[in-house]
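**Q** Numbering follows our numbering, in which position 40 of the sequence shown is assigned residue number 42; successive positions increment by one, without gaps.
Honestly, I wouldn't trust all of these hints.
Mimicking DSSO-like on lysine-lysine, the simulated pairs with C-alpha atoms at most 27 Å apart in a straight line are [said to hold, decoys possible]:
hint, residue 1, residue 2
1, 5, 57
2, 72, 45
3, 22, 92
Bear in mind the hints are in silico, worked out from the structure with no lab data behind them.
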Amino acid sequence: ISKPKGEASHPGRGGYNLFKTLVWNQRTYNSVLELVTKLAKEKLDTTRSYHSQSKKAMHRLIEAVRKEYKFIEDYDNDWPVHNMLKTYLKNSSQTARNAR
């Protein structure tokens, strides 16, 4: 399944709402998001942005999500997981910067 054009969380600027785009039920969406967030806290430096993360750590995290939710493999380059990570890390790194 291809990633839509634009960026998640920017529907007013040509992007899309991730939850609406995926058309997963609320329970599935929340469950995947919860796992992605949990693994990000365990495996990544949440004070740094998405693009500043270790590629190896990101790969391990995505593999763990795929193992738990096989259907993620249906999405080109696991784009829903990447979108969730980008949003989470944007917020967590911003919070860390503001705390300094």
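**Q** Run every hint past the structure and note whether it holds.
**A** Okay, the hints, checked on the actual structure:
1. With a C-alpha separation of about 20 Å, the suggested pair residue 5 and residue 57 falls inside the 27 Å cut-off, and the hint holds.
2. Our distance criterion of 27 Å between C-alpha atoms is met by residue 72 and residue 45, whose separation comes to about 20 Å.
3. Note on residue 22 and residue 92: the hinted pairing holds, with a Cα-Cα distance of about 21 Å set against a maximum of 27 Å.
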